[in-house]
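Whole structure, please, built from the sequences with the hints as guidance.
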Amino acid sequence: MGVAARTGSGLLFGESFGRVPVEVEGVPQGLRAVTVPTRRDGQDRLPRNRRRKLNVTQVDLVPADEVPLYGPPEGLSPSHLVWVLDSRRREWASVVKRFDIQAYEVAADLVRCGAVVLRCEVGELLQLGRPVRWRLTQAWQEQAEDRLAELRRARDPRRARRDLLQVMESVEQLAQERQLLAAVPEEAGLVVPAGNRVSTAAWSVFEAAVRAAAQWWELRGQGEKEVTLKQLAAHALGGSKTWTAQQQVGFANLIGMDFEDAVREEDTDLRVKGPLSWRIGEVAADAAVAQPWVGLPSQGIRVIGQAHCSARGVLVIENSDTFGAVCRRLPELTSQWLCLWGAGYARDQLVMFLQWLQPRPIVAWCDLDADGIGIIHDLSRRLGAPVHAVGMDVDLWRQGPYRRRKNPEQEKALDAEHAAALAQHVTGPLRQLALAVAESGESREQETLYTSVLPRLPELLEPFLHLPVPEHTHPSQEQTR
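Per the numbering used here, the sequence shown starts with residue 1, numbered consecutively.
These aren't lab readings, by the way, just hints derived from the structure by calculation.
Note that CB positions come from ideal geometry on N, CA and C, so glycine has one too.
Errors might be hidden in some of the hints.
[Said to hold, decoys possible] Label pairs and their in silico Cβ distance ranges:
| id | residue 1 | residue 2 | range |
| --- | --- | --- | --- |
| 1 | R381 | Q173 | 44 to 54 Å |
| 2 | P292 | P386 | 28 to 38 Å |
| 3 | K97 | R381 | 40 to 50 Å |
| 4 | A194 | R89 | 31 to 41 Å |
| 5 | G189 | E459 | 53 to 63 Å |
| 6 | G189 | H425 | 54 to 64 Å |
| 7 | Q58 | S170 | 50 to 60 Å |
[What the hints assert, rightly or not] Mimicking SDA-like on lysine to any residue, the simulated pairs with C-alpha atoms at most 20 Å apart in a straight line are:
| id | residue 1 | residue 2 |
| --- | --- | --- |
| 8 | K97 | L81 |
| 9 | K97 | A64 |
| 10 | K230 | M257 |
| 11 | K412 | P401 |
| 12 | K97 | E150 |
| 13 | K225 | Q173 |
| 14 | K225 | P193 |
| 15 | K412 | L383 |
| 16 | K412 | R431 |
| 17 | K225 | D261 |
| 18 | K97 | S77 |
| 19 | K97 | A108 |
| 20 | K406 | L435 |
| 21 | K97 | R119 |
| 22 | K412 | G428 |
| 23 | K230 | D261 |
| 24 | K97 | V82 |
| 25 | K230 | S277 |
| 26 | K230 | A201 |
| 27 | K97 | D86 |
| 28 | K412 | R398 |
| 29 | K230 | N196 |
| 30 | K406 | A423 |
| 31 | K406 | A416 |
| 32 | K412 | L467 |
| 33 | K412 | H388 |
| 34 | K412 | R382 |
| 35 | K412 | G400 |
| 36 | K412 | L396 |
| 37 | K406 | Q432 |
| 38 | K412 | Q432 |
| 39 | K412 | A423 |
| 40 | K412 | V394 |
Set out below in structure tokens:
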């Protein structure tokens, strides 16, 4: 049975970093208080004082339980809902002016349904203080434009459907979508036809994906071998910077091709293959059935909502070619392991993604060199948990062949120095490899290990599934102040 990969705070993936539950008196039923992250070195971190204890002077109120991506509270009038959706942030004085004596009750209801995050002050004795402001959650921000259009009836649904049917008319590959859209009742609102390949319920996502797909197939039919991200958006969406994460995933679903393979200048930070399904806003994606993998746009990672992962472990692969080989050749592995490619040294998005998937065992397969060792050390440090190496023992490194270099003496000297420094921080087989590399600075790429490691990779990974689960000190159990 799968494990739901959620933060447990009602927040989306990208909103949960630097937040942990804290015990504060006076929190309304159905809500929980979480820390307000501080921004340092480009990352959201837990607020701590000089003694490294949690420093809680403000908290954010979030849902205590899992909530749908969109479900306004019962009893909230359409005009009030428009007011809520119309601004990403509202100061508390504005909320009181709008709702008067019901302001706090309305705010609590909006928090419970996942619409807003309510920031409040905290007293010296950790009792909940006065509200400061609210902001729309990422889930609601992503859908605000669509929902406002529906509430304001800004577009005539019949005309919008006619325009889109005309776009699809000459595109053979969109015949099925056209048939589905044509079957929508004339009197219906701006609704998306059931069973669409875009896998969305949001009209703006459906329309953008269809327009982009129609333009993409037209350009390919004209002999364009490469279609760029901005070129496609400018032609189909009316502007080169108008792509959203939901639209990118929806477009890829519709054409049946990974986004980064369909367009050049892609915005993909992470490739995923294995037993994981998720939603970005209203768009669904499944890394288990995608061939050969599915790409997550960088701006999409922060807005992942509900996700379900039944993987037993996580395998991080340094090089894209090796990642592709694993996806194509080892279906028995990708049915058990979630395989990730994150382009070398871990970016913030990959680190957050892996934190989200803990406490599953995390294993990395990298080049057998100083950088490969450094990637694993860096990832372990940032995760605060061990990352195990596979296919990187010193005997394999000694067998060669080694990487050819443009400036052999200089580059090997730098790598040897780097490896010697890393040997002071890593342990076990990885330390043995670091000490060996420190002597010569030689590097062996993982692509040279396809015949020796790739066929045995499922067998090599099996022991990691039986390691004891590391104990983590939950930050909410720490002392504050």
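Numbers of the earlier hints that this structure fails to satisfy, in rising order:
9, 12, 14, 15, 20, 22, 25, 26, 29, 30, 32, 33, 34 and 37
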